[in-house]
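Protein chains in written order, with UniProt numbering: chain A, 1 to 362; chain B, 1 to 362; chain C, 1 to 362; chain D, 1 to 362.
No wet-lab data here; the hints were simulated from the structure.
Don't take every hint at face value.
Chain copies aren't distinguished; within one or between two, either way the pair holds.
Derived pair list, reagent style DSBU-like, types lysine-lysine, alpha-carbon separation capped at 30 angstroms [stated by the list, open to error]:
id, residue 1, residue 2
1, K324, K74
2, K74, K100
3, K100, K53
Protein chains: 4
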Amino acid sequence: MGSTFGHLFRISTFGESHGGGVGVVIDGCPPRLEISAEEIQVELDRRRPGQSKITTPRKEADQCEILSGVFEGKTLGTPIAIVVRNKDQRSQDYDEMAVKYRPSHADATYDAKYGIRNWQGGGRSSARETIGRVAAGAIAKKILKEAAGVEIIAYVKRIKDIEAVIEPGTVTMDQVESTIVRCPDAECSDRMIDLIEHVRNQGDSIGGVVECVARGVPLGLGDPVFDKLEADLAKAVMSLPATKGFEIGSGFAGTLLTGSQHNDEYYSDQGTIRTVTNRSGGVQGGISNGEHIILRIAFKPTATIRKEQRTVTNVGEEVTLAAKGRHDPCVLPRAVPMVEAMVALVLCDHFLRQRGQCGEAD
Amino acid sequence: MGSTFGHLFRISTFGESHGGGVGVVIDGCPPRLEISAEEIQVELDRRRPGQSKITTPRKEADQCEILSGVFEGKTLGTPIAIVVRNKDQRSQDYDEMAVKYRPSHADATYDAKYGIRNWQGGGRSSARETIGRVAAGAIAKKILKEAAGVEIIAYVKRIKDIEAVIEPGTVTMDQVESTIVRCPDAECSDRMIDLIEHVRNQGDSIGGVVECVARGVPLGLGDPVFDKLEADLAKAVMSLPATKGFEIGSGFAGTLLTGSQHNDEYYSDQGTIRTVTNRSGGVQGGISNGEHIILRIAFKPTATIRKEQRTVTNVGEEVTLAAKGRHDPCVLPRAVPMVEAMVALVLCDHFLRQRGQCGEAD
Amino acid sequence: MGSTFGHLFRISTFGESHGGGVGVVIDGCPPRLEISAEEIQVELDRRRPGQSKITTPRKEADQCEILSGVFEGKTLGTPIAIVVRNKDQRSQDYDEMAVKYRPSHADATYDAKYGIRNWQGGGRSSARETIGRVAAGAIAKKILKEAAGVEIIAYVKRIKDIEAVIEPGTVTMDQVESTIVRCPDAECSDRMIDLIEHVRNQGDSIGGVVECVARGVPLGLGDPVFDKLEADLAKAVMSLPATKGFEIGSGFAGTLLTGSQHNDEYYSDQGTIRTVTNRSGGVQGGISNGEHIILRIAFKPTATIRKEQRTVTNVGEEVTLAAKGRHDPCVLPRAVPMVEAMVALVLCDHFLRQRGQCGEAD
Amino acid sequence: MGSTFGHLFRISTFGESHGGGVGVVIDGCPPRLEISAEEIQVELDRRRPGQSKITTPRKEADQCEILSGVFEGKTLGTPIAIVVRNKDQRSQDYDEMAVKYRPSHADATYDAKYGIRNWQGGGRSSARETIGRVAAGAIAKKILKEAAGVEIIAYVKRIKDIEAVIEPGTVTMDQVESTIVRCPDAECSDRMIDLIEHVRNQGDSIGGVVECVARGVPLGLGDPVFDKLEADLAKAVMSLPATKGFEIGSGFAGTLLTGSQHNDEYYSDQGTIRTVTNRSGGVQGGISNGEHIILRIAFKPTATIRKEQRTVTNVGEEVTLAAKGRHDPCVLPRAVPMVEAMVALVLCDHFLRQRGQCGEAD
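Modelling step: build the complete structure from the supplied sequences, incorporating the hints.
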């Protein structure tokens, strides 16, 4: 049941890195939305391997097909199944993985949990699994944009210790996409690219922080007390591979302030209630307040590295391992569309829930 | 539907700070567990107001009653309803709140979402709501302890900029409970208490970080890809009031390392597969690996302060507000049992799910 | 998890026949609905024992209390907890039940499933459990009535072989409530009452059929393919105690017709699409079509009888048993409000779901 | 969300009769079960059109492909996606359906609910949708058989007024499959086939009753009070196309008995507690009691008939319609594997739930 996410806008993803394919079924998409495979492909292309010199050189077209739920270019309100076939399976690279557990990967825990594992690549724990999420996220984004004018933009905020200066209120998708590292701070992005290439040459890897802003989110989304908006956002992004931390608004840094420094005072902006500051990150008491929703996610350095590491086999024998497959030295550039997708899925689900429980906004 | 949490061990909490009472219904508790109101009360007493000089002086006994699901001291496998009556309602303190929105509180967002709000105190967004969680958590803790020997201990790791040094592997509940601030670092805890009292005298508030360790968690808990253990833990604690961030294992600091520095190498500990380090925080690929699960939660400074702040009324008129009610200058000491409860609820649900999907461990 | 029902309008019931009390938590009730304990009590009074000479003589006032979710007479949008205390516990009547399994009761299966059972009465399998359902149903009914003008009326259609003639399109609640057997066919109802009293005097019991009509249900409710309206209605009423069968529209009798006899031809009623006949029972393809929803439920004869029966003890010893407690010779008169409640819960949940997925109707 | 079914063994089906294909994602299948596309195909072949002279002559191979979740012939514990491509699309037959609503079909209600509809055939309301159910049911059946020795056999009990005599305790799958009408009563089955052919020649259709027995079901399945086994079974089969009624055990006929006639007395069968009769149908208080589970489902006559009928267009114009497409004159022979699948899905989900909540049986 762990591969199902959402309530009214509910997705079920499927697929391992090797095997027939990966994809998603979206159950609960509102009817009469115009959508095409091409629009979804745009997001998948932002996620796919081999898109630039700083990602894995694996070439995978990741071409999607819509099997159901869309008729004459519009959603039917019935389940939308989207499939991407698996290709380019150099599984001989993975032979060693049949027995050796890769450090900080999920090989050992999948074996422990299920007593079986598709060792031809990452199996279900491969980032390839996120194809279904990104495809569904593309539809969620469109619903939010059409129904409420919501814009969701993620970008690389920090790579290792190189931190960019970015204004969440005004950053544009074009700015994000203008660099291969998806950091819309020109000076930083060059240094980030250099660092990623340097680390790759050393057979090592690095991580960093992705920031995401959602602008134009309607008032009232979020369903206390457990399905608070920040709680569902935290779960959504912490379910992405390689994540180690989540913050909203002031985050951990906010704990160094006093209440009088931290509180967001209110004012009236020509009748609209607004906050002077936005340390709340657009959510108060688990409910969106109309300000920008701003969150940050920590991605650890890629676990797969060429450097030799100590490990064990599936029968507990101590051995060493040096990865031979092609892999990303830094997952963040490709993680950006994944974060946007997860945020879109949460907001879309809560948008429909709010309409269901409380009716149309006045 | 947002007040329901968990799947096999599913809880529904109810209650506002004012009104008849608060509580919880636990649907899916395994049968034949010995449990008493007294055991639950122990946890509620750790959560209740007025327990020490650094919490709110509100006196609330928060005495719980078990209405169903327990017979002759044992759980029946049927829903367990636990109720705590509301008392000590000095709602005249709150008259101003009928119209003035408290900054960084949920008054404005509840009004926006529901078009109505119980303004006599925090209503549903009051920390009083967590009584049901803590009561259910007490039962979840006991199941985990009896069935698998799991120990869950949370403690205050940092108050504002005073950070304690605590060894998660050996810290004991007695050590945590030996200070009123629930920081088991004697030197730090005195400074923390002084700081909290100082801040209270200034009419201000502070926040900090709670750390939680779960020891003895069985291998294999967590249900990829969405219900990864860290994802469900993140949601669980981020649904607590006043939280702004979540980390597991190396967290945000881990993003400053390279892969070769960050990866947890494996070794064989007399046949058991273990990791040399634990930057993963006990979870790999969303599944527990048998190491300690370690997480940290950022709590913002209490929003309620005596200092005067700018705000608006529910009709958008700009006014000022200075809180008159009794409140906590720092929520962390009372948040410790809440964090433990939420972690226990997640682990207990996944323990039952794992038993259901994969059967008993060998 | 089995005591939770519904998605957007989600209820969790709790309570055994003996112990502190029974009740319900409603999670997801729309805000700003006017509701009072008195309105709920009206429905509970239709359900309670001792209401007439043909029900069990047990006197239970079943007075309800609203603990949360309602403020100044209106729903808050937060969980509504409703509790009824248990009273009048003549549990000495039940001593035999600690060891002897009552035929066609749930004693043996509860012991088999849970390994424990509250034997002081029916425990969780007691019809007393339905108090929470009826209370929640009262609120669901009101939402449906206010938001869409829906009327839900159930009545006794048949007692054993005495079958009433009732016109679902015009029957009124007053007519139903005008007889203690809740059969709005004056001639039949007298014979039914006589038969029930006769059977009671013989120490035996009887069953029958309840019919329910929902009038004014909006077009479009139901969520294929699994949550078809008839599927959710079937589950809802088949979860009531003592039910053995469910029909919608033409039901089993419809299988004796040919397609040309059975199909509901369409016509245009001044622009509105209507069906000439209603063998579909108001639902086509799992979705309401605007015609009356009509369903029938088979209730078996009460399992508790004074006549001596063969049975076994919980250790498998063969014994005899003759019930001594007070009980209903026929559950149908009291089942009527339970059926209405379950139908209302399903329709209300689907009403909110439809609004969420598809937006407001034009 | 309505295309998702089950909790621990959760399926999501997708697909319209026309478009890319239909299928299912199974989320929560236990790991290490041996399964092949060939085994699933066996069940799909029992369901497919064109299998005999009394079904629709449409030729559809309905060849399934497993896209994920199975590795080297065994389940991984990860989602299993199964796809069947759509073929043989004579959609010109359906041109009339773009505007004319077929009586007792879902055309009008889908338009009312979603404001859009794939009119090239039945769309989502087509029986073709059940391919995903039958595929998932094949896996559920195998789990139940391997883990607990459960056998599920459905068969045609009645066609119109021709009722077969069948002993649920001993009927075999071979007997069922030995006739094209799937009625294991040789004398009746010939008459049924004749009747179906006769009705088809008249351009009409007929319905009937399918009975299903589950033998060897473990004690303790079912989760009161809402997820009682009979309630979930009722929902499961009532979500199949063309169903109008459900019975378990004595069903509607049982309402004609007195309690003393109806109750199932207990006896001890060499230490095992058994019932003398089985009017309960294998379920007491919502929990399986170890006796055969027996249920019956009413299927209405096929709505598609060649005879001319009155109807309206999607703009309310009154017209006539005579179906031209190929269709089944009686759905029951093909409904048999669908019923088995739904029963298997419910039992498998409850088997896993029971193991989760209560642990392994002793």
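**Q.** Hints not upheld, ascending by number
**A.** none
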